[in-house]
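2 protein chains.
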Amino acid sequence: MNACIVAVGSELLTPFRIDTNSLLITERLNAIGVDVRLKAVVGDDVDELVQVLTQCLRVADLVVCTGGLGPTEDDITREGVARVLDRPLDLQDAIVESIRSRFAKRGMTMPDINKRQAMVPRGATVLENVNGTAPGLWLEHGQARVVLLPGPPREMTPMLETVIRERLAPMTAGVALFRRVLRITGRAESDIDSRAQPVYGQWTSRPIPITTTILAVLGQIELHLTAVAPNRAAADEALEAAVAELQGVLGSSVYSTDGRQLEVVVGDLLRGAGWTVAAAESCTGGLLTSRLTDVPGSSDYVVASVVCYSNRTKVEWLNVPEELIAEHGAVSEPVARAMADGVRARAGTNVGMGVTGIAGPGGGSAEKPVGTVVVAVVTDSDARVKTFQFFGSREQVKYQSAQAAMNMLRLMMTAHV
Amino acid sequence: MNACIVAVGSELLTPFRIDTNSLLITERLNAIGVDVRLKAVVGDDVDELVQVLTQCLRVADLVVCTGGLGPTEDDITREGVARVLDRPLDLQDAIVESIRSRFAKRGMTMPDINKRQAMVPRGATVLENVNGTAPGLWLEHGQARVVLLPGPPREMTPMLETVIRERLAPMTAGVALFRRVLRITGRAESDIDSRAQPVYGQWTSRPIPITTTILAVLGQIELHLTAVAPNRAAADEALEAAVAELQGVLGSSVYSTDGRQLEVVVGDLLRGAGWTVAAAESCTGGLLTSRLTDVPGSSDYVVASVVCYSNRTKVEWLNVPEELIAEHGAVSEPVARAMADGVRARAGTNVGMGVTGIAGPGGGSAEKPVGTVVVAVVTDSDARVKTFQFFGSREQVKYQSAQAAMNMLRLMMTAHV
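As they're listed, the protein sequences go chains A and B.
For the first sequence, my numbering begins at 312 and goes up steadily by one.
For the second sequence, my numbering begins at 312 and goes up steadily by one.
Hints listed in this document are in silico derivations from the structure and should not be mistaken for laboratory results.
There's no promise every hint is true.
Since copy identity is lost for identical chains, a pair holds within one copy or between any two.
What the hints assert, rightly or not - For lysine-lysine, the following PhoX-like pairs were computed, each having C-alpha atoms within a straight-line distance of at most 20 angstroms:
id, residue 1, residue 2
1, Lys679, Lys426
2, Lys697, Lys416
3, Lys679, Lys416
4, Lys426, Lys697
What you are looking at is a predicted structure, and each value in this text was computed from that prediction instead of being measured.
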């Protein structure tokens with residue numbers, strides 16, 4: 312079964328609001344094997360809603376609408392659906408009474424305008440709203456199903472759960488969508504894809520087909536795998552095998568196959584080894600340590616860090632030799648190494664990390680342009696220093712630098728596994 | 312002029328991702344008087360994209376597409392648009408060369424697959440991508456305009472600005488939407504709204520009507536003012552007056568009326584005073600200094616910071632008396648004050664900030680529950696210490712703590728103005 316999700320409301324076409332209901336609806340539909348093919352947001356314009364709904368019924372056999380079920384003239388979903396399905400709108404006395412008693416319970420009189428909420432396209436089944444006045448509606452039209460849900464999440468959610476459980480789940484054959492996300496860092500999207508595509512390209516024709524989407528996010532690449540399977544056990548088996556195949560061609564650049572962020576992966580490695588860490592941050596300005604400490608329980612392994620934005624603090628706080636800075640410059644491999652050594656010694660940790668670079672937008676030179684970043688990682692048994700060239704805004708250079716530092720530590724800690 | 316915005320990408324039809332590009336695009340289009348009538352999200356399916364685009368061209372004279380311009384087979388926007396507009400796709404050598412040289416600059420060879428990004432529907436104008444390999448495209452088709460922009464925001468945004476300025480703004484005339492954002496911190500949404508509503512409630516019936524939306528974001532409240540005016544000068548006059556009225560009732564809790572973030576406001580104050588700053592961060596784990604150093608040029612006033620996650624580093628690095636921690640606990644006003652004093656003395660700065668607290672989810676007690684945070688700010692002439700109770704996840708507590716620390720410094724530095 313394929314679905315379209317339509318959100319109705321002019322406020323969702325302003326720069327201030329976004330339709331988030333569709334995320335929950337997608338998750339619940341996917342879980343019973345319904346694929347979402349299209350999402351649309353329409354304003355309070357009945358002609359445009361009619362056009363969009365007509366289009367949706369061509370693409371999908373299920374249309375889920377949210378919003379536009381309120382009592383005002385702006386609320387046009389009922390009318391739009393009635394026109395598309397070519398049915399008259401009838402006033403249902405039972406709904407009027409239920410809205411009236413809802414008002415009465417609060418000691419209020421129902422305004423006449425709320426009668427609009429009792430107008431129902433002929434043949435619709437009314438879905439009870441436990442948290443508001445707008446009832447939902449369920450309509451069948453040939454092979455197609457149209458569900459109308461209210462916009463406010465607390466009214467929409469319980470109604471959605473009921474519709475899924477009582478009406479939609481029994482109609483699906485038991486096939487569902489299951490997902491897995493691989494996260495990768497340190498390589499370009501095109502490089503990843505040229506290695507991965509020959510592998511995942513084979514999967515769509517398997518007994519349990521898996522589709523793959525590649526997604527480049529700042530400082531990392533994600534591969535989203537979606538299996539269509541009769542049950543979770545079959546999906547898990549197929550997805551585990553698929554993940555292993557991808558790991559085979561992508562190697563150690565895959566840092567997570569279970570949704571963990573890089574700071575969580577690194578934190579788990581540190582905790583597993585019983586190691587502690589300290590960082591000397593110049594270019595990242597605290598971001599590296601902030602990301603490490605975003606992880607609950609990170610106080611077990613993060614001891615301390617120093618943000619040394621001035622040369623003086625590099626020298627006085629971290630014992631970086633002044634001559635080293637004079638000779639090589641603050642952004643250089645020897646200085647990054649001395650920063651990592653210095654903070655490791657002062658904090659008494661197993662791991663010391665040093666990051667120095669030019670975050671921009673100012674401060675670049677021909678020899679060391681903006682985005683030049685040097686990372687050093689020193690552990691009890693190993694030391695590595697690497698120079699990177701990043702691109703983007705100041706914040707993006709900082710983010711990629713923190714990402715690179717954590718990834719270097721990860722690779723050093725997993726090299727012997 | 313009416314517009315539709317279409318986001319292309321199967322990942323945007325999963326429960327994990329949402330199209331946020333359309334918010335910025337809407338804002339920029341509104342600013343030149345273009346109304347957004349419809350937003351759609353389509354997966355990587357060229358037939359469905361063709362159907363949606365056909366529909367959009369019926370509703371609107373401008374279609375803005377984002378995403379699907381990458382080099383892989385998933386990237387189907389170019390092909391979909393070519394089919395809808397009935398034009399062949401041509402390989403443009405100039406684009407191949409520009410992508411090749413972009414790879415070469417990074418010391419890499421362009422993979423063959425990237426040639427797909429140089430396929431262009433005949434008659435299209437190529438829009439330069441300063442931050443990536445995917446060029447944008449501008450197409451005219453009768454009265455209609457179709458704009459293709461890449462999906463990643465950092466690639467999309469500069470291209471959008473250029474298209475608006477050079478192509479779309481000259482085509483529009485007359486009444487436009489103008490906006491202003493007030494940012495407020497340190498007060499609850501309901502408190503702000505009960506003060507502001509009697510003021511902004513008057514504005515909708517004025518000659519230049521202004522509508523107001525209140526938006527609660529983590530650690531701050533935003534008031535979005537939208538004026539409908541024949542030109543910028545008239546809008547500016549009306550909006551300036553409106554902003555002044557709101558400042559009258561909201562006072563010093565308004566930290567910005569010109570879009571500046573709190574870290575920029577604080578940075579401008581420090582630079583204006585010729586002051587330097589250092590921070591001792593426990594609970595925020597580096598986030599406070601990271602946000603301060605997100606601002607270009609912040610090395611002028613940020614000297615150094617210490618993330619002191621262990622008590623030992625508080626004592627050894629910042630001279631916090633051991634007895635103070637033993638007597639009051641690490642999360643206490645005396646310790647926060649000693650941290651601020653200690654880092655200020657060690658770094659030799661005008662301002663010292665200390666943040667200590669329980670970010671959670673573990674570590675809370677009945678007396679000091681999760682979210683208890685103490686902030687101390689010491690300057691050349693003043694010192695303040697304050698205990699806060701925040702709510703939310705670990706990351707949310709960190710963010711609100713950094714926000715509170717910067718706001719304390721802002722209020723101390725503006726008290727005498």
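These are the hints, each one checked on the structure:
1. Lys679 / Lys426: neither (60 angstroms within a copy, 31 angstroms between copies)
2. Lys697 / Lys416: Close across copies (18 angstroms), not inside one copy (51 angstroms); limit 20 angstroms.
3. Lys679 / Lys416: between (54 angstroms within a copy, 14 angstroms between copies)
4. Lys426 / Lys697: Answer is neither; intra-copy 59 angstroms and inter-copy 31 angstroms both fail.
Hints 1, 4 from the earlier list are contradicted by this structure; the remaining hints agree with it.
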